[in-house]
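K.L.:
Each chain, letter by letter, is given below.
There are 2 protein chains.
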Amino acid sequence: MVDPSALDEETLTADTADEEVRPDDRIDDERHDEENRLKPQYVRGVRDALEAGDKGAVYDLVEPLHPADIADLIELFDSDERAQLAASITDLMTSDVVAELNDHVREVMMEALDPGAVATIAEQLETDDAVQLLEDLDEDDQKAIIAELEPETQAAVNSALAYPEETAGRLMNRHVMAVPEHLTVGDLIDYLREEGDLEHDFFEVFVIDASHHPVGTCSLNWILTTPRTVALTDVMKRDQTLIPVSMDQEEVALMFQKYALISAAVVDDSGRLVGQMTVDDIVHIISEEAGEDALLLSGAGDGDINEPIREAYSSRVRWLIANLGTAVVASAIIAFFGAAIEQLVALAVLMPIVASIGGNAGTQTMAVSVRAIATNQLTRTNTRKILWKELRVAVLNGATVAILIGIAAGLLYSPMMGAVIAAAMIINIAVAGLAGVLVPVIFERLNQDPAVASSVFVTMITDSMGFFAFLGLAVVSGLVGMG
Amino acid sequence: MVDPSALDEETLTADTADEEVRPDDRIDDERHDEENRLKPQYVRGVRDALEAGDKGAVYDLVEPLHPADIADLIELFDSDERAQLAASITDLMTSDVVAELNDHVREVMMEALDPGAVATIAEQLETDDAVQLLEDLDEDDQKAIIAELEPETQAAVNSALAYPEETAGRLMNRHVMAVPEHLTVGDLIDYLREEGDLEHDFFEVFVIDASHHPVGTCSLNWILTTPRTVALTDVMKRDQTLIPVSMDQEEVALMFQKYALISAAVVDDSGRLVGQMTVDDIVHIISEEAGEDALLLSGAGDGDINEPIREAYSSRVRWLIANLGTAVVASAIIAFFGAAIEQLVALAVLMPIVASIGGNAGTQTMAVSVRAIATNQLTRTNTRKILWKELRVAVLNGATVAILIGIAAGLLYSPMMGAVIAAAMIINIAVAGLAGVLVPVIFERLNQDPAVASSVFVTMITDSMGFFAFLGLAVVSGLVGMG
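Top to bottom, those sequences are chains F and G. Oh and the first sequence: position 429 is 428 in numbering that gives the first Met the number 0, straight run, nothing missing. Oh and the second sequence: position 248 is 247 in numbering that gives the first Met the number 0, straight run, nothing missing.
The following block holds chain F by itself, in its conformation from the complex:
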């Protein structure tokens, strides 16, 4: 049934060449430590060879590395050393290495090249990787490079760039294996042997109708385990997850996680198959989106260690200034009670404790809520239930901490002081628990990313409430007068 002469020499050669860049078992080898990071001694060896100007030695050291490791190596070097390193290993600087580079590092390296050279690299990449390479560059650079591309790549890149950033349309791979519905399993295998290439990996075959609408999908293992005579329509799954081109990457990632997808068809507004998303791209998105929240919550913006100083400064200073505003509000509350503090300096000594623990309690609840919102676990349906639960946890926490600090302050100062700080602590931790849920939920309802600005508000609430409850109770309890 299959003609041995169909054996395509070229395909097999390409395959063998490809073999060298596949990952091998690189745990505990002489270049990697037990956590698969490049060993400091190894990196030092490369750096020494580089400083000695021994390009041959540099090449020999780097040559056995996987492209992803070469990218890691480049990132570990200072910016001035990077160009020198790249120049020593030009033919190892494949498109795979470029695709694996950190965005910031890649941007700087690409800006140093002329548009023609970048276009040559982009040509070798899958469209989605080429788009990723181009989207970060200045618009002028981008245009100059796109002009140098082959017409086909140019069209694909322009079509991707027409979709907003971080949507399926921008991120999808335009290369899909799509076949008409009248085939049998045997027809399909013959077709794949004729038409398929080893360059593009694929995990499922999409079955489409005459108007290019997906009607079903076949995992490759179903095809391989089914007799040739079976009709494709009998083995395919008719129900499949379709990703609209306009879907945000975070939603796409959640769909992949929820339905354990390996790949999924992307459809345009009229439901036609236009591309696919594959899980290897999704893992990067999942990792980015999940890791992003920790950074956003702390006000560190993108928070990439490779971010240039100027960008790191501008993204972080705005949050420090916002926090300065909230600190001033809290400080105004202290000023209001200035006379009370003058009478009893102990108040100034103890008040930061109430504010600080409240802030911590608020941050705990906020982190849990933000994560739950991001993973679609906290929705309108259960907000009230979660709020009630968090309030109970907060009261338990508050009571525990209040007893400890109350006893200590009672012994050190006076029983009344102990009572005042204990009461203020419970109030502030309870308020912190409510704010930790409500602030992110309100941002979510206003269609704002709750991870971005919740921190500033929760901190303002817990700081202000901490000072107000403690100093206010000190006055109300008669511990001090208002002046």
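No wet-lab data here; the hints were simulated from the structure. Any given hint could be a false lead.
Since the list gives no way to pick out one identical chain from another, each pair is judged satisfied if it fits inside one copy or across any two copies.
Unchecked claim - No farther apart than 25 Å at their CA atoms in a straight line, the calculated lysine to any residue pairs in the SDA-like style are these:
hint, residue 1, residue 2
1, Lys384, Ala85
2, Lys142, Glu110
3, Lys54, Ala85
4, Lys54, Glu80
Mind docking chain G on chain F? Use the hints.
P.N.:
Below, chain G without anything else, positioned relative to chain F:
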């Protein structure tokens, strides 16, 4: 070449039955909102039917849902409603639903069932999912359930439980497609048609030698696009990423990300193939590990909204108590300067600002460093470089904030007060920048998770340094005396 009589009726039936539980295009349907969450109206509908005791209506409402959505629905309900819901939809409560449930919710639901019933569910799951279901239960419950399992499942589960939690050995799937190396592509396809089943999805075929050591791997698409006569050894990749059984899940996830893997062979200490990890399990690990850091940094422990109150309380209160300790240290510094504050209450008003902004700056740097350590981007090789970079960012941030607060305090109080608070702010933000890198790096070097305890130390440093620098400078500058 293929006998049509090989068409296996049963397999095809299983497949068709399976079809119903496949995800369909469920965006913008009547049950899901645009972010693929169950609509509040829909959930309310189910709840109303449940409260009315109308089991039939509940069943009809839930029946069209994907198992992952049924799991979501159960999670949205209160614990007492969950049992009632489960009882109304018994035959929709498939093992897939159980596998998709949140750990905490599943644990409670499983504890309510007798061991035999749990064993029946476990039998239907893939071994890795069965292990996940069992590992969270009490040891006694676990033993009782394992005793009820079929001998084969029992052996697989016991072997998995023998490996430490969160290692490849615990998490791997023991079902792999492994073939000897002398086959041709045609032989392999015939073998798969004979032996393969549609129940277990697989993405690559592992080629092994006589002693069960992996010698290469074949992606299914390479097999499908290669003529039958080609030897497997000519199409397979010889270099492949092998995962040692003892590897931690976080490292496994990083390997999958770094080398864009879909599945990978797991090997025991003597290098024999014992199982595989697949990317659909990895996406959960990536999401968990990346999201975990935000929660750990905030001291929220596991930080799952479904965590029972008692667990949430005990994991969070310990961090609040730790923070109470650090707040007391900071407060001792204030007490030391008590006489100065007595002379000038403005010091008490302004001092929390210095501590608070320093805390924020430290948290920003710490979040970036923890993320970089988790993704293997911050290693011994570049620590000094990053430290130097963060110090420069901190000085820029410090200078900006110092100018703002210095001018304000200068106008509101006195020029000297402006100078003192500005200087204290620069010092504290610079210290925060250094602490934000050094504290996580030191924890990492001591083989401790930097996300867990860094926060407490960074906050202690920035609080104490904030009060000390500000009050100390106020005294040194002659703004106030020491009493």
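K.L.:
Taking the hints in turn, state whether each one holds.
P.N.:
Checked hints:
{"no.": "1", "hint": "Lys384 to Ala85", "result": "between (56 Å within a copy, 20 Å between copies)"}
{"no.": "2", "hint": "Lys142 to Glu110", "result": "within (13 Å within a copy, 62 Å between copies)"}
{"no.": "3", "hint": "Lys54 to Ala85", "result": "within (10 Å within a copy, 68 Å between copies)"}
{"no.": "4", "hint": "Lys54 to Glu80", "result": "within (13 Å within a copy, 70 Å between copies)"}
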